[in-house]
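Peer 1: In case you want the letters, here they are:
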Amino acid sequence: MNTKKDIGWYVLFTMPLIFIFTTVVIIPFIIGIGYSFVSWDGIPANPKVFVGFDNYVQLFQDERFLQSAWHTIQFTVLALIVVNLAGLLLALLVTNGLRVSNAARTMFFMPNLIGGLILGYIWQFIFTDAFNSVGEKTGLKSIFFNWLLDPQFALIAMVIVFAWQMAGYTMVIYIAGIQSIPDEMMEAAKVDGANLWHRLTKIVFPLLMPSFTICLFLTLSGAFKIFDVNLSLTKGGPNNATEMFAMNIYNEIFAYSHYGIGQAKAIVFFLIVAVLTLTQVIITKKREVQM
Amino acid sequence: MITKGSEQVKKVKKVFGLLTATAMIAAMVGCGGSGGNNSASPSATASSSAAPEKLKKISIFQSKVEIAEQLEALAKKYTEETGNEVEVWGAAGDGYATQLQAKLTANEGPSIFSVATGAEAEKFKSYYYDLSNEPYVKDIAPNMALTIDGKVVGVPYGVEGFGLVYNKSLVDPKDVTDLASFTKTLEKFKAEGKNGLSLSQEAYFLIGHIINTPFALQPDPQAFIEKLNKGEVKMADTKEFQEFAKFMEAIKANTKNPLEVKYDTQMGDFATGKTAMVHQGNWSYAMLKDYGDLGFEIGMMPFPLAGNNKLAVGVASNWVINGKAGPDEIKAASAFLNWLFTSETGKNAIVNEFKFIPAMVNIEAKDLDPLSQAVYEATKSGQTIPWALNYFPQGIIVNDLAPATQEFFLNKNMTGEQFLQKLDAAWAKAAKQ
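From first to last, the protein sequence lines are chains A and B. Note that the first sequence covers residues 16 to 306 in our numbering. Note that the second sequence covers residues 136 to 568 in our numbering.
Don't take each hint at face value.
Take a look, some chain A residues computed to stay more than 12 Å from chain B by CB distance [unchecked claim]:
| hint | residue |
| --- | --- |
| 1 | I48 |
| 2 | V53 |
| 3 | L164 |
| 4 | I193 |
| 5 | D198 |
| 6 | L233 |
| 7 | A261 |
| 8 | V283 |
Chain A regions said to be covered by chain B (calculated; three or more residues, Cβ under 8 Å) [what the hints assert, rightly or not]:
| hint | region |
| --- | --- |
| 9 | 105-118 |
| 10 | 122-134 |
| 11 | 265-272 |
Simulated from the structure, these hints should not be mistaken for lab results. On a predicted model such as this, the values are computed, not experimentally measured, just so you know. Note that CB positions come from ideal geometry on N, CA and C, so glycine has one too.
The shape of chain B in the complex, shown without the other chains (with noise of 0.2 Å):
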C-alpha cells in the first residue's frame, strides 16, 4: 500500500512538472507572440483595406477630466460628419500616465493621445509620429509647438495661465505688489476673519504652480533647473527662492493651513467671499461657474515675487499621434486632427467646449470667461513668464517637492530658510535617480 502510495505521488509529480511546463512554454510562446507583434495586426490591416474610402477606427486617450463628456460629443461629430470613426477612452486624470504608460507597453496604445510638455512628452518620444508635413501644424502659434530632435510631434491643446486668482470686491491689485503689501493684505484678511489667500493641498496647487514663479525668474530657467540637477546652484542660496520662502511663511503664518484645503473647498469658499485669493489657473473657472452669479467680479493677478508682474503661461498638454499604430491608423488619427484644428466644428468645440485658449492662429477666442481672458490678454501682449515646472525632473512636484512642503506647512517651527533647505535636498534626491 504503501509503496503504491509513493509510486502514485511520484507519478502525479511527474504530470504535475509536465503541466507546469506545458503551461510556461504555452505562456511564453504567447508572450514572444504579441512582443514581436508592433506593428498593426494584419487582420486590422485587411479590413481597412476592404473599404477604401472610409477611415480606419481610431481611438484617442487624454488626460484631461474636464473635457472628458465634451471631446465624446465632438467625437459623436466627427463620426456625423464625415462618416469616420473615433473611440474616445475614458479620461483618466492623476493615474494618466500610468495607465498610458501600460497601455503602450502592451502594444494596445491608442492612436492619438495627450501628453505633458516637458518631461513627461520626453519620456514617451519613442512613440511619437513626426507631424512636421501635415498641413495643420502651421497654424500652431509661434514656439508653442511640441518638438523633439527638431521635429514637431505635437499640437498643442491650448495655453493655460496661472497666478492670483482673487475677488475684486476684497482686493485691489495696487495692494499686491510686493513682499511687504502681500503679507499686509494677508494679514488684514486675518484680523478680518478671512483667508487671505489659499492653497490646496494638490501636490500642483500645494507647491508645483506657487514655486514655478522663482523659476521663470531665472534669467534661463532651464539652464537653472539643469545646474541645479547637477546639484551647481542651490535654491537656498538664489535670491528669488529666499524671496519665496518669505512668501510662504507669509502663507504659513496668515491663512488656513493648505494641508487641510481641497481644491473644491478652495474654489469653494473663494466662491462664497471667505477666501480672498486663491493661487489658481483659468481652469479654476469651470468650478466657480457652478456657483452661478458669485455677486462679485474676479480677476487674475501676477504672483508679486521679487517684482513679478506677469502672469505664467504655458502650453499644459499636447496631442500627438501614436508612431507605432499602424500607417492606415496614422493616416487616420492625422484626419481627425486636422479636421478638429481647421473645420467650424471643431474650432468651434475647442474654444467653446473645451474652454481652451487656443494655441492656433487660425482660431479666434472669444466670449471667454474673465480668467482665460486675462490669460489670453496676457499672451497678446507678451507680459508672460514661462512654465519652468514643464522641465522639472519628471514626477518630482508629486514625489518629493510635496511631501516637503507638507512638513513645511505641518512643522510650525520650521523657517522658511529651512523649508529651502528640504526643497533643495529633496530636488538633489529626484534628480539623481
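For reference, chain A alone in the conformation it holds in the complex (with noise of 0.2 Å):
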C-alpha cells in the first residue's frame, strides 16, 4: 500500500471541492460572524460601526422576528406530518403491485421537478381564482375563498404547496426502502398469522427507520430554511402572518438594509437548524434497526 501515492490521489479529487466548499460557503460563513457584530446598512461608503452583541440582544426584542419564528415552529410540525405522511402513503401505495405503479410513481414525484418559485405562483392562482370561482359555483364559500387572505389559512396553504412539492422526494425514499424488505421475510409473517397491521408496524416501520431519519432530516431543514415557497405564493403576507424565519432575515438585510441584524438573525438560525436537525437524526438513529 502506498500511502503517499493514496495521499495524492485523495487530494486530487477532493481539491475542487474543498475549494469551492471553502470559497463560496466557509469563508462567508465567518465574514458573516463579522458583520454580526457591526451596525451597518450596506453602502460600502458609510462606516460600519462596532456594536458587539447588540445586534443579538436587539433581534430577541423584535416581536416580527419573534412572531416569525413561531410561524416557522407551526409551519414545520405541520410540513413535517404532512410531508412523511403523504410520501409514506404514497410509497405504500406504488409498491403495493398496482399496474399503474410505475405511472404513478412519476407523476408524484413530477412537482418536485418544478421550482418553489413556480408551483408558488401557479398555487397563487389556485388559492386565489380558482378557489373563488368554485366557492360562488358551488356556494360552499366557508371552505373555497381566498386563502392566502386569511392569515390562518394562508399558512396551511403553505404547507399544502409544499406537501405537494415534497411528498414525492419522500415517496422516492421510502420506497427504496420497502423494497430493501425482503419479500421472504414479509411472506413468513403473513404465514405467521400477521395482518397488515402487525406487518407494517412490526416489520416494515422498524426496517425503514434509516428511510424516516433521511426524510424527515430532509424535511425538516427544508421546511425551516423555506424561502421561495413562501416569496411566490404568500410574499409573507397577509399583514406579516407568514412571514417565516429565512423571509424576515432577507427582509431585515434587504428591505430595512440592517446588514449587521440580519447578519446575527441569520447566526442564530444556522445554530437553532444545526441544533434541531442534530437531534432529530441522533432520536432517529438510535431506533435503527440491523436486519
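With the hints in hand, could you dock these two chains into one complex?
Peer 2: Below you can see the structure in the form of C-alpha cells.
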C-alpha cells in the first residue's frame, strides 16, 4: 500500500470541492459572523460601527422576528407530518403491485421537478382565483374562499404547496426502503398469521427507520429554511402572518438595510437549524435496527 | 495496521488543514484586491486612450420596466448617431434597489443609474457625480432637479402625477368633492352592482399613494414627517388623517376588497367599465391603451380629502452618474445624458417613446394621453400637491404601512381610528430603525 500515492489521489479528487466549499460557504460564513457584530447599512462608503452583541440582544426584542419564529415552528411541524405521511402512503401505494404504479410514481414525483417559485405562483392562482370561482359556483364559500387572505389558512396553504412539492421526493426514499425489505420475511410473517397492521408496525416501520431518518432530516431542514414558496405564494402576507425565518432575515437585510442585525439573525437561524436537525438525526438513528 | 491507518488519517488531516488555509488565504487576497480597486481598472483606461475620439462604453441600469425596450432602442440610435456604445442592463422593477446596491457594492456598478427621489436618493448619495457644471442641468424645470448638499446630482426622468382616475361616462367630478359626496357616490355604485373605487394589492397602490394626500396637505409636509419620525405628532391626532381614515372606512365598506385585486385586474375592470374610479397615476394609461377604444372618456381628478382640489405631482425617478466610475466613463456618461436631453432624437424619445411628462424647460410636450395631459396642465398652472411619500423613511410603505393596511381590509371590525393607531405604531417602529 503506497500511502503517499493515496494521499495524492485523495487531494486530487477532494481539492476542487474543498476549494469551492471553502470559498463559497466557509469563508462567507466566517465573514458573516464578523458582520453580525457591526451596525451597517450595506453601502461601502458608510461606516461599519462595531456594536458587540447589541444586534443579538436586539433581535430577541424584535417582535416580528419572534413571530416569524413561531410561524416557522407551526409550519415546520405541520409540514413534517403532512409531507412524511403523504410520502409514506404514496410509497406504500405504489409498491403494492398496482399496474399503474410506474406511471403513478412518475406523476407523484413530478411536482418536485418544478421549482418552488413557479409552484408558488401556480398555487397562488389556485388559491385566489380558482378557489373563489369554485366557491361562487358551488356555494361552499366557507371552504372555498381566497385562502391567502386569511392568516391561518395562508399558513395551511403553504403547508399544502410544500407537501405537494416534497411528498414525491420522500416517496422515492421510502420506496427504496420498502423495496430493500426481503419478500421472504413478509411472506413468513403472513404465514405466521400477522395481519397488515402487524406487518407494517412490526416489520416495515422498524426496517424503514433509516429512510425515516433521511426523510425527516430533509423535510425538517427544508421546511425550516423555506423561502421560495414563501416569497412567491404569500410574500409573507397577509399582514406578515406567514413571514418565515428566512424571509424575515431577507427583509431585515434587503428591505430595512440592516445588514448587521440581519446577519445576527442568520447566525441564530443557523444554530437553531443545526441543533434541531442534529437532535433529530441522533434520535432517529438510535431507533434504527439491523436486519 | 491500525497505527498506520490512524497515521494516514493524521496526514490527511494535515493536508486538509493546509489546503483549507491556502484556499482561505487565496480567497482573502482575492477579496482584498477587488475591495481596494475603487477606481476604473487600468486596462480599461488604457484601451480607451488608444482611441481618443471615441468615448468609453457606458452602461445604464434603471428601475422602470415600462421604458426598458424603448431605452434599448434609444441606445442603438445613440450608437448610430455618435458611434459611442451604450449597454442597457435589463430593468429590475421591484427588486431594483437591492440589485443596484449589490452591483455598486461589488464595484460593478453601472455608469448611469436611476434613483427614486427621497429616501432612496439619500441612501445612495455617496455614489453620485456632481452634475452642477454640466450644460443640460440648466434646462431642468425649477425645483425639479435632484440636489444633495446643495449640488445638483440628478436629472429628473419627468414628472408624474396621481389622483382619482375616473370614467367620464360614469362619474361627474362634481359628485366627488368631499367625504359625504364621495361616500354617496360609492354607495350609489354599490347599489348598482358596480365597483365605485378600486385600489389594488400592490403596496404603493394599496396605501402608498393614497396616504400621500393627508401628508401633502400639511403646511410643511417634510417637517411633519420629521416630527412623526421623532414621535412628536401622531397621525391619529391630526385632522387630515382622521378624515383620511373615514375615507378608508368608506372604501372598505363600499368597494371590493383591494387585496383581491391586482394592478392588471384593477385597470382591466376599469377599462371594461366594471369599476368607475381607480386611485392611480398617469403611468396607468399604458395599461388602458392595451384595451384599444374604451368607449368612454377618462380623466383624472384630485382625491377630495379635506377639500383637496389638486393632483399629486412629483418626480419619481432621476438619472444620476456613478461618481465611483473612472473619469473617462463619467465623461462618456455625461455625454449621453447631454445627448438625451438636448438632441432632437433624445427629446423626442422622452416624450413620445418613454411617454414622460418632461421636467425640462427645453422639451415641449404635445399629443399627451388624457391622464398625462391632466398632470401636465396641473403642473403648468401650479395646481399640485407634492409627493410627500418620497420623504417617508426608506422602505416603510412596503415593509410597514402595507401590512397594517392589509390588516385593516381583512379585519371587518377594525375601525378607521384603530387603523390610524396601527399606522402610527408601524411608523414609530420603522422610524426607530
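Peer 1: Now tell me, hint by hint, if it's right for this structure.
Peer 2: Results of checking the hints against the structure:
For I48 (chain A), the shortest C-beta to C-beta distance to chain B comes to about 14 Å, beyond the 12 Å cut-off, and the non-interface label holds. Non-interface call for V53 (chain A) relative to chain B: holds, since the shortest CB-CB distance, roughly 15 Å, exceeds 12 Å. The Cβ of L164 (chain A) sits about 5 Å from the closest Cβ of chain B, inside the 12 Å cut-off, so the non-interface label is violated. I193 (chain A), annotated as away from the interface, keeps every beta carbon of chain B farther than 12 Å; the closest lies near 37 Å.
With a cut of 12 Å on Cβ distances, D198 (chain A) stays outside the contact zone with chain B, its closest approach being about 39 Å. At roughly 27 Å from the closest C-beta of chain B, the C-beta of L233 (chain A) stays outside 12 Å, upholding its exclusion from the interface. With a cut of 12 Å on Cβ distances, A261 (chain A) stays outside the contact zone with chain B, its closest approach being about 15 Å. With a least beta-carbon separation of about 18 Å from chain B, V283 (chain A) lies farther than 12 Å from that chain, consistent with its non-interface assignment.
Only residues whose C-beta sits within less than 8 Å of a C-beta in chain B count toward coverage, and the region 105-118 of chain A has 0 of them, not enough to reach three; the restraint is violated. Only residues whose C-beta sits within less than 8 Å of a C-beta in chain B count toward coverage, and the region 122-134 of chain A has 0 of them, not enough to reach three; the restraint is violated. Counting residues of the region 265-272 of chain A whose CB lies closer than 8 Å to any CB of chain B gives 5, so the stated coverage by that chain holds, three being the minimum.
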